[in-house]
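Go ahead and model the full structure; you've got the sequences and the hints to work with.
There are 2 protein chains.
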Amino acid sequence: MSFTDLSIATNATMLPIQEIATKAGIPQKALELYGNYKAKIDVNSLPPITTQGQIVLVTAISPTPAGEGKSTVTVGLADAFNQLNESVIVALREPSLGPVMGMKGGATGGGFAQVLPMEDINLHFTGDIHAITSANNALSALIDNHLHQGNLLNLDPRRVAWKRVLDINDRALRQVTIGLGGPLQGVPRQDGFDITVASEIMAVLCLATSLEDLKERLAQMVIAYTYDKEPVTVRQLGVEGALTLLLKDAFKPNLVQTIEGTPAIIHGGPFANIAHGCNSLMATNTARRLADIVVTEAGFGADLGAEKFMHIKSRKGNFHPDAVVIVATVRALKMHGGVEKNQLTQPNTDAVKRGMANLAKHVDTIRQFGIEPVVALNRFTADAQDELQEVMDWAKAQGVQIALTNVWEQGGKGGLELAKLVKEELAKPKNFTMLYEETDSVEEKLRIIVQQVYGGADIQLTDSAKKKLVDLKKYGWDALPICMAKTQYSLSDQPSLHGRPEGFTITIRDIIPKLGAGFLVCLTGDIMTMPGLPKQPAALNMDVDQDGNAVGLF
Amino acid sequence: MSFTDLSIATNATMLPIQEIATKAGIPQKALELYGNYKAKIDVNSLPPITTQGQIVLVTAISPTPAGEGKSTVTVGLADAFNQLNESVIVALREPSLGPVMGMKGGATGGGFAQVLPMEDINLHFTGDIHAITSANNALSALIDNHLHQGNLLNLDPRRVAWKRVLDINDRALRQVTIGLGGPLQGVPRQDGFDITVASEIMAVLCLATSLEDLKERLAQMVIAYTYDKEPVTVRQLGVEGALTLLLKDAFKPNLVQTIEGTPAIIHGGPFANIAHGCNSLMATNTARRLADIVVTEAGFGADLGAEKFMHIKSRKGNFHPDAVVIVATVRALKMHGGVEKNQLTQPNTDAVKRGMANLAKHVDTIRQFGIEPVVALNRFTADAQDELQEVMDWAKAQGVQIALTNVWEQGGKGGLELAKLVKEELAKPKNFTMLYEETDSVEEKLRIIVQQVYGGADIQLTDSAKKKLVDLKKYGWDALPICMAKTQYSLSDQPSLHGRPEGFTITIRDIIPKLGAGFLVCLTGDIMTMPGLPKQPAALNMDVDQDGNAVGLF
Numbered sequence: 001m002s003f004t005d006l007s008i009a010t011n012a013t014m015l016p017i018q019e020i021a022t023k024a025g026i027p028q029k030a031l032e033l034y035g036n037y038k039a040k041i042d043v044n045s046l047p048p049i050t051t052q053g054q055i056v057l058v059t060a061i062s063p064t065p066a067g068e069g070k071s072t073v074t075v076g077l078a079d080a081f082n083q084l085n086e087s088v089i090v091a092l093r094e095p096s097l098g099p100v101m102g103m104k105g106g107a108t109g110g111g112f113a114q115v116l117p118m119e120d121i122n123l124h125f126t127g128d129i130h131a132i133t134s135a136n137n138a139l140s141a142l143i144d145n146h147l148h149q150g151n152l153l154n155l156d157p158r159r160v161a162w163k164r165v166l167d168i169n170d171r172a173l174r175q176v177t178i179g180l181g182g183p184l185q186g187v188p189r190q191d192g193f194d195i196t197v198a199s200e201i202m203a204v205l206c207l208a209t210s211l212e213d214l215k216e217r218l219a220q221m222v223i224a225y226t227y228d229k230e231p232v233t234v235r236q237l238g239v240e241g242a243l244t245l246l247l248k249d250a251f252k253p254n255l256v257q258t259i260e261g262t263p264a265i266i267h268g269g270p271f272a273n274i275a276h277g278c279n280s281l282m283a284t285n286t287a288r289r290l291a292d293i294v295v296t297e298a299g300f301g302a303d304l305g306a307e308k309f310m311h312i313k314s315r316k317g318n319f320h321p322d323a324v325v326i327v328a329t330v331r332a333l334k335m336h337g338g339v340e341k342n343q344l345t346q347p348n349t350d351a352v353k354r355g356m357a358n359l360a361k362h363v364d365t366i367r368q369f370g371i372e373p374v375v376a377l378n379r380f381t382a383d384a385q386d387e388l389q390e391v392m393d394w395a396k397a398q399g400v401q402i403a404l405t406n407v408w409e410q411g412g413k414g415g416l417e418l419a420k421l422v423k424e425e426l427a428k429p430k431n432f433t434m435l436y437e438e439t440d441s442v443e444e445k446l447r448i449i450v451q452q453v454y455g456g457a458d459i460q461l462t463d464s465a466k467k468k469l470v471d472l473k474k475y476g477w478d479a480l481p482i483c484m485a486k487t488q489y490s491l492s493d494q495p496s497l498h499g500r501p502e503g504f505t506i507t508i509r510d511i512i513p514k515l516g517a518g519f520l521v522c523l524t525g526d527i528m529t530m531p532g533l534p535k536q537p538a539a540l541n542m543d544v545d546q547d548g549n550a551v552g553l554f
Numbered sequence: 001m002s003f004t005d006l007s008i009a010t011n012a013t014m015l016p017i018q019e020i021a022t023k024a025g026i027p028q029k030a031l032e033l034y035g036n037y038k039a040k041i042d043v044n045s046l047p048p049i050t051t052q053g054q055i056v057l058v059t060a061i062s063p064t065p066a067g068e069g070k071s072t073v074t075v076g077l078a079d080a081f082n083q084l085n086e087s088v089i090v091a092l093r094e095p096s097l098g099p100v101m102g103m104k105g106g107a108t109g110g111g112f113a114q115v116l117p118m119e120d121i122n123l124h125f126t127g128d129i130h131a132i133t134s135a136n137n138a139l140s141a142l143i144d145n146h147l148h149q150g151n152l153l154n155l156d157p158r159r160v161a162w163k164r165v166l167d168i169n170d171r172a173l174r175q176v177t178i179g180l181g182g183p184l185q186g187v188p189r190q191d192g193f194d195i196t197v198a199s200e201i202m203a204v205l206c207l208a209t210s211l212e213d214l215k216e217r218l219a220q221m222v223i224a225y226t227y228d229k230e231p232v233t234v235r236q237l238g239v240e241g242a243l244t245l246l247l248k249d250a251f252k253p254n255l256v257q258t259i260e261g262t263p264a265i266i267h268g269g270p271f272a273n274i275a276h277g278c279n280s281l282m283a284t285n286t287a288r289r290l291a292d293i294v295v296t297e298a299g300f301g302a303d304l305g306a307e308k309f310m311h312i313k314s315r316k317g318n319f320h321p322d323a324v325v326i327v328a329t330v331r332a333l334k335m336h337g338g339v340e341k342n343q344l345t346q347p348n349t350d351a352v353k354r355g356m357a358n359l360a361k362h363v364d365t366i367r368q369f370g371i372e373p374v375v376a377l378n379r380f381t382a383d384a385q386d387e388l389q390e391v392m393d394w395a396k397a398q399g400v401q402i403a404l405t406n407v408w409e410q411g412g413k414g415g416l417e418l419a420k421l422v423k424e425e426l427a428k429p430k431n432f433t434m435l436y437e438e439t440d441s442v443e444e445k446l447r448i449i450v451q452q453v454y455g456g457a458d459i460q461l462t463d464s465a466k467k468k469l470v471d472l473k474k475y476g477w478d479a480l481p482i483c484m485a486k487t488q489y490s491l492s493d494q495p496s497l498h499g500r501p502e503g504f505t506i507t508i509r510d511i512i513p514k515l516g517a518g519f520l521v522c523l524t525g526d527i528m529t530m531p532g533l534p535k536q537p538a539a540l541n542m543d544v545d546q547d548g549n550a551v552g553l554f
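Sequence order for the protein chains is A and B. Just so you know, we're using my numbering here: the first sequence kicks off at 1 and counts up by one. Just so you know, we're using my numbering here: the second sequence kicks off at 1 and counts up by one.
Read the hints as simulated data drawn from the structure, not as lab findings. Please note that a few of the clues may not be correct.
Same chains, same label: a pair holds when it works inside one copy or across any pair of copies.
[Said to hold, decoys possible] No farther apart than 20 angstroms at their CA atoms in a straight line, the calculated lysine to aspartate or glutamate pairs in the EDC-like style are these:
1) K248 to D547
2) K23 to E260
3) K474 to E438
4) K473 to D463
5) K430 to D364
6) K248 to E119
7) K466 to E502
8) K413 to D386
9) K29 to E19
10) K248 to E260
11) K467 to D510
12) K535 to D156
13) K248 to D543
14) K29 to D120
15) K413 to E119
16) K248 to D545
17) K467 to E444
18) K29 to D547
19) K473 to D228
20) K423 to D322
21) K316 to D478
22) K23 to E119
Quick caveat, the model's predicted, so the values are computed rather than measured.
Right, here's the structure in full:
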C-alpha cells in the first residue's frame, strides 16, 4: 500500500458542510461556517430534543508503540453504520497541534477511515484550542497582575496552583522562573507551562452542559492558596465572566465529515491521564439529539479512558454507553506478549497468546460495568492468519463477541461485521452500574479503581498525598470522582509491565483538586504534562505547495 | 450621548458577508466564510488585476491620552466615500487581543464609524494572531530542542535572538529563565515573552507578497548567534516550511464590513514602534485590485506610522499614498499645549494655539514626501467653537486643507466634507519622493529621519549600538530601511516633550536586524514589547449574557 493518510485525505471528495448538516438534521440557521467544510453548531438553533441516541463507546487494550487504530476503528464503525443506513454521528476529540510538530501521525483516523478536512483539523481547526490557551494565560496574567498590584487576596506566590499553557511540545518551558527584572516586572516566582490540552479549562469546557454551567465551573477553579493556606478561586478574582467571553465560541461543537460523508462532531480534547480524555459533553449530547447511534471514543486503554468515561463523563452527562467496543491488534497483543517493536513482522502465535491477557482484563472490566463488550480485531497487512485465528479462538472459548475490522483499507465496508455485532448489543437491555459512588471515601474510590479496573492488589499514598487528603476533607472536596493520572502503557503504574500484571500496588504521590472540572486528579508515577520534541521533529519535513496545500504533514 | 461602542455595534444590522463581497467585486468562490459576517479571501480566486486603486493614508498628530480617533476617522472617511457612490474599501489592522483584557477600548473605530462584528474582531477574529503565536512559539520550541538534542549548529544559548510571544498583557513574562529542572528539561537560559503583535513573524506576514515570499522571509529570520558570533537563520534550522504551513490560512486577508456596509479588509497588525505598524500588504494590494479608493491607516502619529508607511511599506509594495489625512482633535492639541487630561473640558484657546505646533510639524513632514496633506479636525462633544475656529484659522493662514469631521456621531455623513477635499487631492498629480534611499548609510538614514521627520538636531549612537553597526556592515545587512522604535507621545525620544520640541538629539541604544521583515529596528528610549495589566483590568467587567453575547467588552 503506497497511500499515505494525507494523500488519501487530499484525494477524497468532500461534500459541502451544509449537505452534511442536512443529513444530520441540523438546520442551516444553526450553522456557523468556517470555510466550506467546517462549521460550528449553534445548539440554541437546533430543533427541540425529541430523541436521545444510543452511545457506542470505542476503547482499546493498553496502547503500545505498535498502534491499535482506535480512532480509525471509531470512524470506520460509524461509516459502517452509515452504509447500513442507520442514523449515525461520530463524536471525536480535537487533536492538539502541539505534537503535530514533533511526531509524524495525526489524530483523525487513518487510511479510508478518516475525518476531513484532516489537514485543518490537525492544525488550527476552528480555533478552539487557541481560545483555551488565551483564556488559560489571561487568567495567569490576571493572577500575576494581582500579585503585582497589591495582592489584596493575600496570595502566596509560592502556592500559585494555576500554570500557564501553550499548544506546543516544549520541554524547556516545564520549569521556569518568571517576574524577573526588578519591581516593575512583576513578582518573581517559580512557574511552568503545560500543553494546552492539559489545562483544567479544557476539562471544564468538555464537561460543561451550558454557557452558564461553563461560567460556574470556571468560577470554581482553584488558582492559588493564601499565606494562610486557604484556597482562592477564580470567583474571588472576579474574572469568570471574562474567561467565559473568551471561550464562548470555542464552546460550540464543530461539524465535519468522514471520508464517506458520515457526519462527525469533533469538539474538545482533554488529556486522558490528568484529565478525563473524551470529547465534550456538548458534542456527545448534540450528537445524541440528532442521531440514533453516536459512536465515540475515550483516550488510551479501557483502564484509563473507558473507566473515566463511565465514572466521570457518564455521571456528569447522566447517561451511559449502550455498547462498548474494545480495539485490539495482533501486533499490539504481541508486544504485550513480550515482542519488541522491530520484531513485529515476525509471526509469533505464542506471544499473541501471552498478550491476550491484557485484552482479557479489559473485557472483564467492561463486563463489571454491566456491559458486554464487542472486541474489534483491527487487521494490519502483516498479520498472519494463525495469529488472527488465535484471538478468534480465544474469544469463542471465552464467549466474547469479536469481529475482524479492516477499515484503514476498506473504510466502512471493513467495519460492517463489527457494526452488526454492535447493533445486536444495542438492542439488548442493559444493567449499567458504576463501580463506585462519589460519596465513597477517596481511599475507597481509589481502591475500587485499582483492584477492579487495574487488577492490582492495593493502593499506597505517599506522605504528601496523605496530607493533601486531609486538606481535601477539610475543604469538603472529597466527594468528587477520581481522575487517575497513570501511565497508559500498563495496567499498573510501571510503564514496562505489559500484558496483565498482578499483585501490584499503585502509589498515589499527589492529589490535585480540579473543582471546575469536578474531579480529583490522583498522580501515580511520572506523568508528563508538557511533552518534548524528538531529535528529528516532524516539522523538518513540512511545507506548503504552490497551491497552499500542506506537504509532509503525515 | 449614552451610547457605547458595543451597544451601537450590537444594534447595527449587518449584511451577509456574501453581499459585501459582491459589492466589493469578490466572487463567491474566493470566499472562505467564518460565520455569516466574516470571510477570508482566497486571492488566487479573484479576477485578474485590471486596476490599482488609489491609496488614502490616514495618520495623526502625536497621540495623547485624550484620544484622536484615527481609526474612527479612517472608517468614517471610507463610509463617506461610500455615500458618495465611490468604489471604496477600507483596509485596517487587526486588533491584538492582549490589551482587550487590560484597558477598556477597542481598535475597530467607534460610535457610528465602526467595523463589524466588532466583538469578534476584538476577540479571536479569524485566528490570525493565534496562528502567529503558534508559529512563533513552535520556532522557539524547535530552537530549544536543537540546543537540547546535541546543538549541531553550535548555537550560543546566551545569544538566542528569538523570543517567545503571547497575545496577552503579561509583565511577569518579560524576563524569565527557562529550561530549569535538570538535564531532561532542556538547556537553562534567559528568555522573555513579547506580545504577539511584536513578533517578527507579524511583520513578515504583513510585508510578504505571496506564500512563496512569506516562506523566503521566514527562512531569512535570524534566530541566534553561534559561540563564534555568526548569525543563524531559520533556513539553517530547516523549519521555514513548517512555519509557512502554520501561517497559510492566517496569510489570507479578512473581509468584514463597516456599520454602513462599506467593505473592510482587516489583516495583520504589527506594533508601530518595533515594527512598521500598518495592515498587511496583502490587504492593501487586495483592496487596490478591487476598489478605486483604498482608505487605510498607519499606527501612532505621522512621525512613526506615516514615515514607516512611506519608507518601509510603500517601498516593499512599490506604491505610494495618493493622499494623506492627518487627524487632530482640539482635546489632543490642548494636551500638546500643556493642559492636563483632567482639564480638557475647560475651553483653552491659548493651549490649542500652542499645541498646534505639533500638527504643523506633521503637515510639514508629509509635504516633504511630495504630498499635500488634508487635516481632519475630529470633533468631540465638549469642543468649544472658539477652539475649533482657532485651528481652522491657522489652517487657512498656512494654506493647509482642513475639514471638520463628526463621524463618531454621524458615521459617513460626518466625513463628507473631508471626503470631498481628499477626492480633490487624489485627482492632482503627485511627486512622491522617499526621504532616504536604502543604500544610504545607516547613520545617514537615521539622521534624515531625525532631522526631517522629527525635527531634531542630530543622532547619537551608544557604544553598544556602534558595535552592532559594525556587525551589520560585516554581514552586509546595512542596506535595509530603518524601523525606528521611539516613543509615540513625542516627536523626540522623551515621552513628556509634547508639542514641537526642537534642538534635541535622539539616542540610538541598539540596532536589531529583522532580516525577514527586511528592516533594521533602531531602539531609542524604553520601548515596551510586553505591556502589563492595570490595577483594575477591564476583564473584571466582562461577561456573556444568556444569549451568548458579549457584555462589558467596551
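_For each hint given before, does the structure comply? Return the numbers of the non-compliant ones in rising order._
7, 8, 10, 15, 22
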